[in-house]
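Colleague: Read off the chains here:
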Amino acid sequence: MVEFLQQMVNGLSLGAIYALIALGYTMVYGIILLINFAHGDIMMVGAYVGFFSITMLGSNVFVALLFAMLACAALGVLIEKIAYKPLRNSTRLAALITAIGASLFLEYVTIFFLTPQQRVFPAEAFPMHQYQIMGLYISNKDIFIVVLAVILMIMLQYIVKRTRAGKAMRAVSLDREAAMLMGISVDKTISFTFALGSALAAAAGVLIGLYYGTINPLMGIIPGLKAFVAAVLGGIGIIPGAMVGGFLMGILETMVSGYGSSMYRDAVAFGVLILILLIKPTGIFGRNDSEKV
Amino acid sequence: MRMKRCVAVLVLALFAMGMVAGCEQKAPNQATPAPQAGEILVGLNCELSGGVASYGTNAANGAKLAIDEINAKGGVLGKQLKVLERDSQSKTDEAMNVSADLVSKGIVAQIGPLVSGAVAACTPVMNENKVPLIAPAATAPGATVDEKTGETFPYIFRACFLDSDQGVRMAEYAYDTLNMKTAAIYGSNSDDYAKGLAKYFKEAFEAKGGKIVAQEGYVSGDKDFKATLTKIKAAQPEFIYVPGYYQEVSILIKQARELGITVPMGGGDGWDSPDMITVAGAEALNNTYFTNHYSVQDPKPEIANFVKAYEQKYSKTPDSFAALGYDSAYLLAEAIKAADSADPVKVAEALAKTKDFPGITGTMTFNEKHNPVKSIVVIEFKDGKLVSH
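Protein chains in written order, with my numbering: chain E, 1 to 293; chain D, 1 to 389.
What the hints contain is simulated information worked out from the structure, not anything from laboratory work. Quick reminder that beta carbons are idealized off the backbone N, C-alpha and C, glycines included. Check each hint, because a few of them may be wrong.
[To be verified] Pairwise CB distance ranges, derived in the manner of DEER restraints: (1) D/Ala282 / E/Phe105: 57 to 65 Å; (2) D/Asn179 / E/Gly58: 44 to 52 Å; (3) D/Ser220 / E/Ile143: 26 to 34 Å; (4) E/Met134 / D/Leu178: 47 to 55 Å.
Produce the entire structure from the sequences given, and follow the hints as far as they go.
Modeller: Shown next, in the form of structure tokens:
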């Protein structure tokens, strides 16, 4: 029983990381129907900004988070302006492939300037405390990362559902031309969406750096793909869905490693993607309404 | 039916990402400038960047130090050795491209790559062009031998011991010295090196009467090991063998200690990196051991001199890879002298006959499989310091 509960703790902390990345993924998709494959790499850039602000500027974790989020918000807006905006009226496939291009561009530019070697997050940036509760090992990092993921989800949900900017985002998502006719600036709204999504990615990047201790330029690929699966699992475009999908993925992977074989973990994770797409492509929280043609 | 199309696009996109990642190849440079009269070209094909950059960089530094020393003493056969250094980026395909490029430049021999898988990728290029390759640290048994026919590759040599020796040594150490009767194995499943180590450890440990209570694997690039560690903890092993490279092992050990796993852990030379201590922390590393090629603290004068010269030149302590790179370069220089020629074919013949070569990492005599017969040290992490046994 203790072992099972420990696995749940392990699964939740891993799931929180997927959830954090999936939130940004799903929001961008929800608004402009683009799967931003560069999302994982924006996360990586965020991790590096956080790393350098801790090691070179000596800032604390929260300032580092802030710096990373601001820098990546700007980066996200820039990528949208350069790479996606000119393709806004092309096929969705064109934008998707451009997103893969943006992803590779970020990875290899980072390798070029910062070398492919891993960097070690200073351990003293976030001192670790270990708690032992009834045989369960939980660290303050586990709690921090889960709580932060939930807070960010609530904030995001609030922004999208309750603010004017959020209303504009939903309007653009529903019908871009009608929104434009109503006086909503589509460009500004999409920029805002990217800024928000990229800031979330940056937060996730810094947290991953703190949680595992090392970062490298290719760190965004696998978590990015897994978070994508999590977003699809929860229902892509639906914010609470990303959260639930992330936690489910984390727990699923943990249980596969813990009770099955560690070598089937990734196979199961991507098998879930195939199953979901076959059985219920709109995901757990998705409605089954047909798209307008 | 737009949803279906969307699905197809997604799946395609996922595959595309994988394929793009696998396709970055550079065409080898085909220009063939003849080596200058007074020089002998030595190719260095090392992992100077990428996942195992610390191995390649240090081995290249060691080799360059040796070549500087040799040149300062007048070179070999009255000629200076000239280094052509290339980066394989820790990628197997890139290592092969680099080899093709170096061979086309007219090198006498290539030193590197460090990782067994990359050596295997270079092997066909070297054998076809009849240019010897000295692998400083390729410990996989198949590196010098064609595993299908059992024949030794005529142009592949190594300066290090084998995975089989290493796995057996750690099994002996765990069972006999540490007195551990049960063990778990949790190693990398993405490379031949770690899989080999796990296999030989298991065989030797069981042959001694020990019991393997759990065997698990991870893939390179993994960062979360807690699920499997929790499973291993429940099996209550007295010892955990973790064959793999420092990038993952350092995080793995940290997480094991976070989960309250206090038993001793062991590994191979893939653990040899300063990043182990910076990532895992000195405390988590207490009670962990790994097999290695040499120890910096060895009081032998030639080792002390090497350590001093290396520290002077690069202002850091030479690890095993530096020592193996250094030995590889001297092995090559000795072979050129013995062959009395810088013809790659003759040098390869001379290398195969190497006998009682006094290296930093032990005295080497090549057997018929181009493997040196030499000693293995066990090193313990103790409060952030390396203590050899």
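Colleague: Taking the hints in turn, state whether each one holds.
Modeller: Hint check:
A beta carbon spacing of about 39 Å between D/Ala282 and E/Phe105 contradicts the range 57 to 65 Å that was offered as a hint. For the pair D/Asn179 and E/Gly58, the supplied restraint of 44 to 52 Å holds, since their beta-carbon distance comes to about 47 Å. A hinted range of 26 to 34 Å for the beta carbons of D/Ser220 and E/Ile143 is consistent with their spacing of about 29 Å. Our hint of 47 to 55 Å for E/Met134 and D/Leu178 is violated, since their Cβ atoms are close to 31 Å apart.
Violated hints, listed in ascending order, are 1, 4; each of the other numbered hints is respected by the structure.
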